[in-house]
Amino acid sequence: MADYEVPETHEFPIIPSIMEGAMAHSSPFVAGEEFQSDMGFPSPEEPGQLIDGWHEKFLELMKDKLSKYRSLQVFMDICVKCGACTDKCHYFIGTADPKNMPVARQDLLRKVYRRYFTFAGKYFPKLVGAVDLTEDVIHQMYSYYHQCSECRRCAVFCPFGIDTAEVTMAARDMLAQIGMGQKYSNQIIPKVHKIGNNLGLPEPALADTLEGLEEEVEDDIGVKVRFPLDEKGAEILMVTPSADFFAEPHIDGLIGYGKVFHAAGVTWTLSSKASEAANFGLFIGNYEHMRQISLRIRDAAKELGVKRIIFGECGHAWRVAYNHLNTLAGPWDFLDQNYPIPQHILEFTKDCLDRGILNIDKSENDHMTLTFHDSCNIARASRIGDTPGSQFTTPREVIQAVCNNYHDMSQDTIFDQTFCCGGGGGLLTDDLMELRIKGALPRMEALKNVSKDHGVTHMAAICAICKSQFTKVLPYYGMTMDQIVSVHQLVSNAIILEGQGEEAEDSDDTDDEAA
Amino acid sequence: MNTLSILYIFLFYVAMIALVAGIINKLLQYKRVPAPLKIAVTPAPLTKPGVVYRFFTEVVLFNSLFRATKWTWIFSFLFHASLLLAFFRHLRYVISPDSFIWPLVNNLVVQSFGHYAGFTMLIGLLGLLARRIFVDRVRYISSPSDYLMLLLILGIAGSGLSIVYVSHTDIVQLKAFIMGLFYFDWQNLPSDTLLLAHVTMVLFLALIFPVSKLLHAPGLFMAPTRYQLDNPREKRHLSEWGAELEKDGRNS
Chain A
6 MADYEVPETH
16 EFPIIPSIME
26 GAMAHSSPFV
36 AGEEFQSDMG
46 FPSPEEPGQL
56 IDGWHEKFLE
66 LMKDKLSKYR
76 SLQVFMDICV
86 KCGACTDKCH
96 YFIGTADPKN
106 MPVARQDLLR
116 KVYRRYFTFA
126 GKYFPKLVGA
136 VDLTEDVIHQ
146 MYSYYHQCSE
156 CRRCAVFCPF
166 GIDTAEVTMA
176 ARDMLAQIGM
186 GQKYSNQIIP
196 KVHKIGNNLG
206 LPEPALADTL
216 EGLEEEVEDD
226 IGVKVRFPLD
236 EKGAEILMVT
246 PSADFFAEPH
256 IDGLIGYGKV
266 FHAAGVTWTL
276 SSKASEAANF
286 GLFIGNYEHM
296 RQISLRIRDA
306 AKELGVKRII
316 FGECGHAWRV
326 AYNHLNTLAG
336 PWDFLDQNYP
346 IPQHILEFTK
356 DCLDRGILNI
366 DKSENDHMTL
376 TFHDSCNIAR
386 ASRIGDTPGS
396 QFTTPREVIQ
406 AVCNNYHDMS
416 QDTIFDQTFC
426 CGGGGGLLTD
436 DLMELRIKGA
446 LPRMEALKNV
456 SKDHGVTHMA
466 AICAICKSQF
476 TKVLPYYGMT
486 MDQIVSVHQL
496 VSNAIILEGQ
506 GEEAEDSDDT
516 DDEAA
Chain B
3 MNTLSILYIF
13 LFYVAMIALV
23 AGIINKLLQY
33 KRVPAPLKIA
43 VTPAPLTKPG
53 VVYRFFTEVV
63 LFNSLFRATK
73 WTWIFSFLFH
83 ASLLLAFFRH
93 LRYVISPDSF
103 IWPLVNNLVV
113 QSFGHYAGFT
123 MLIGLLGLLA
133 RRIFVDRVRY
143 ISSPSDYLML
153 LLILGIAGSG
163 LSIVYVSHTD
173 IVQLKAFIMG
183 LFYFDWQNLP
193 SDTLLLAHVT
203 MVLFLALIFP
213 VSKLLHAPGL
223 FMAPTRYQLD
233 NPREKRHLSE
243 WGAELEKDGR
253 NS
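Order-wise, the sequence lines are chains A and B.
As numbered in my numbering, residues 6 to 520 make up the first sequence, in order.
As numbered in my numbering, residues 3 to 254 make up the second sequence, in order.
Extracted from the complex, chain B is given alone in its bound form (with noise of 0.2 Å):
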């Protein structure tokens, strides 16, 4: 095996436990903090479905975005649902055809969607990158991170595209290469440009995704505006270290 592909699957593992274990110490970190008073923005559900319903509108399509600013909803849900497709489109180099799922994946729908939905993800970055260009307010709030983790993602997304229309890479190998991390047989990885462009972006974003605002996609879930029920006078709501101060006895 070469060098190159030595490095690789070295940094393949980092960034997948580095990514993993991030979110999964974030989560616990969040979930660990308790919340001491009811705080749901009203009008707020009354029941668990009505939570997930929330949710569902939120995650799914983006509401409160939607009320906020159409511009900005367009491209941003641009941007996420042609993530998805193209994360779809993806599986089917980590997916064996001997498994079940790999009809649901090798297919036409999910395979030309996802690579048109190539092209609607470059739309919804620069739409995003302009944004925050062009717009004053948006301007004034941005950090060179915000502009780079959008030119990351372009670079993901180009680089992507490029494979498919100016280049091709040994997709054979690729794929070997990836099943080969799973079952720990490791294979060479091809070493053209463009892929290793690819790679080394995403697992970069990979990487950083912990300790950046990526945190949104799985904090949002643990936002008490959000997730609460609106049950405050039927339920009594308590903390830990709000029970503690009642030590004192004035709530006997």
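Excised from the complex, chain A in its bound form (with noise of 0.2 Å):
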């Protein structure tokens, strides 16, 4: 576990008086020219160089962008500087640094747009706070935006609803398209659209993978569990990220997965294709490749000739997923309409639930006393159900028809409130540790105050970056890193099987190896 000063947690959160500068270090790698080339974006002659012409193109791609986004052109405008969103964001209650509160954060690009777009600025730019695009401000902005993890919090206090995350995007996609792309994502990306997941797993591998799951969890519980890939005339394509395959606690929710679809007697499968549920496209801002990562999963649902698709757990996914998965890649005229296009596991598992077609015991999770981190994306960003916030109560309801011990944590810390596990929209990366241990500051105390208050064992999340960041950042705050479970691993837990022999030894859910 590599240093670094971790905020203090408290009883009650606290809001920090600002330090100036405290992150413009911060910054992560910048992508070279070989993930740069591999995205479509340009490189500079030398590295850490902008590339020729840099601000003239900034300039024309922000012209296009006001274009082309409402949300942006109208957010630019409408700010009053009220105060709001400007202790809303966990960045900003870890670090201490303004610029890491919203508007501050959105000022860094809305400074350079009344400069260059709006008449006060063109004239009396001192008077409006409109700054001329340098060379610092670019920097600035590299830093600063990927100290945004896209989570929207802030919007849900703006009175005009203005999201960070749209800015964030935006600015993103420009720098990317001035030579300052962020290494982590341009890395990723072009994996998915090569070989179909974010970690470059090819079939063979991820047969292979999944092979050796039905083979232990046969051995665990003396079932066949059945892990299907690329299997033709499925009735179900599965999608879930890919550190489902790999990473606890992930894996153990796709075993979660893989018992549901056992008990509920459906055929399933997964697509080495579309072996892949996170669209990295929207993190920076690129509608394109968002879209080319989407038309992928159009592809194997097609060529695999399933009737439904369902998404695994995973937040920006779901995002993704129920916003823009029939933008992108629709229309979806060739599934069967009388599901929801596509489906959370979620909202699967839970019907199979109300149905009674799950034989559960939920003694088998009488060890842990669970509370539920509501993913950023899920929360403020989509819907697992029929009514609106029943993306709040279906994990809920789940967890609690699977468990007899579960307890929320304080609320202005979930539901739409909740807060960032602080390693989401692209951040989830080493050279951003600090950042992302800082930013999980008001999620952890948020954990601490309901393990002390009401003997929280374990924290259920429905997100592959919550699972993977938690994993890493919950012992920097004191706790272990196995304290984070996936929900269908509780799931999984609980679910009895037919078939399933006394001579069956039971799980221990917990296990300690890391992401």
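No wet-lab data here; the hints were simulated from the structure.
Careful, some of the hints might be misleading.
Below, a sample of chain A positions facing chain B; criterion: calculated Cβ distance under 7 Å [what the hints assert, rightly or not]:
#1 82
#2 103
#3 127
#4 128
#5 132
#6 134
#7 164
#8 168
#9 300
#10 332
#11 335
#12 415
Computed far set for chain B versus chain A, every beta-carbon distance over 12 Å [stated by the list, open to error]:
#13 103
#14 186
#15 220
As the structure is a computational prediction, the values presented were derived from the model and not from experiment.
Each residue gets a CB set at the ideal place from its N, CA and C atoms; glycine is no exception.
With the hints as a guide, bring the two chains together.
Now the structure itself:
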């Protein structure tokens, strides 16, 4: 565990006094030429520089963005600097850097917008805080637009619905197109395009992994639960984050999906081509990449001839799937219209539970007391169920259907006020470790408090990024990495499949291996 | 007619045209720019009446601001509600006594509430100004224009109250002047300093409205995060430029 200064947790959240420049040094690695060119982005002649003509290019890109995204155009104009968002960002709370206040983060771009695109900024720049576009401004943008996890907590509190994530996405895309792409995201996206998943796990390796998983589950419970890959004619195409194939606690969730499908008696398959639910095109604000990544799923669904598409536990993936799959890769007229397209695995499991077709033994989870972490992209950018807000109730209902012990964290840290794990939005990279630790503060604080007051031992999540991030940062806050669990891991623990013999030893659900 | 009045008649028309044309121009711009993706902040309404209700809670009750910060909400609500009451009170100067609306405007309730609103407006504005000065986070994000905007509106409220409580103007002549603007039958404007200050600041506010953050008033209705329906799975959302990309045949 590398050494980082870990912020103190308190019984009640504390809004820090601002400390200018506290995180000015934080910046992820810039993508080198190979990754930039894989993405179709330009590279400067000298590493660390900007491309020739970057100044005009950036303003051109901005003009283009403003004409393509109503959100950006409106948000650039209507902020009144009321301050409602200033204490809402987990990165501000954890770092005290004023540029991590959502409005200040937006202002990095807004000041340039005002200077070049508004009457007041053109003629009275000092009056309205407009600034010239300089290299220094570009580097500040690169730094602070990579200290935003696009979690939208600020947008909940903004009286006008201004969403910093929209600004961050636009800025990142413009930066990438003047040679300042982020290495982490730009390294991953080409792997999805070429191989099918973020990990670069090719079909044979994936088949091998799934086969191993089938054996493992059979050894464990004495029932052959299938984890099919590329099976034509299956009813359901399952699209899940690739972390589910190997990392803890993700893989226990995957086992849970398999068991639920098994118990429900449906045929399903994974696809090697669409072996990834994640869509980092969202993070970098690039419509075309997001579209190409989504279209893999369309291709896979057509090739395999499935009738339904279900997504596994992943926050931003569900945001893209729920909101954008229809836009980017639709129309889905060739699928069964009697089911939501796409459907979330929790919708499927909840339905099975409601219909009473799952045999559940809740006591299997009695060694744990659970709480639930609402993932930002699910809480504030999607729905899981039929009614507004069912993204909060569905996971809780499923957890409480399979566990006896459950307590929510403090009200102002859950539902649509949930705090990001600190690693979302393309920041789940080791070169941003300090930021990730500090950004996790509000969530860690709430978890510690609910542990103290209600004896909560484990936190369940439905997002691959949240799970990986917590696995990594929990130890920094004096907790253990196995305290984060998948929701379908809990389902997996409690579900009793037909033929599951007494001789089968029951699971010790917590694993100590890190992601 | 005196030169001063001619100048103000001119300023009035310029400011009103700038205000109306400026806002329409901005709204048309917002309408022209597509929203390519569904980005409603959820939980979001599933129906159009639901969206109307969402805007009602935001525009009338400032719901999000209430959840964010109680002090800003109190001062902000006080200011905006006072502004509305003051607006109703001022209708008396632009409506003919023959009009059927006249009794709705020229009554004790509207007129006395309009008076008190002047004071509550001052309190609201001073609260907002204090917050901008004393809260380090808000001070950090403030530009000179943010302070000046508050001072400008404070000036309008202060001069307006002074006309009522310190030194009256020739209100009959003022009304004649305003009605004259409507009917192109131009009259003299009373030339008291307080009234001129009041009117000048109001005209300046109207003039800068479309090029300032005051755009938040019409602009908030154009935020896709708030006006969009939560129905992406049921209804395919596609922008014109998004559809253009599909010419590659990948969506067929």
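Outcome of the hint check:
1. 82: 5 Å, holds
2. 103: 5 Å, holds
3. 127: 10 Å, violated
4. 128: Cβ of residue 128 of chain A sits 10 Å from chain B, so the hint is violated.
5. 132: 5 Å, holds
6. 134: 3 Å, holds
7. 164: 4 Å, holds
8. 168: 5 Å, holds
9. 300: 5 Å, holds
10. 332: 5 Å, holds
11. 335: 5 Å, holds
12. 415: 15 Å, violated
13. 103: The claim stands: residue 103 of chain B keeps its Cβ more than 12 Å from every Cβ of chain A (closest is about 31 Å).
14. 186: 30 Å, holds
15. 220: 9 Å, violated
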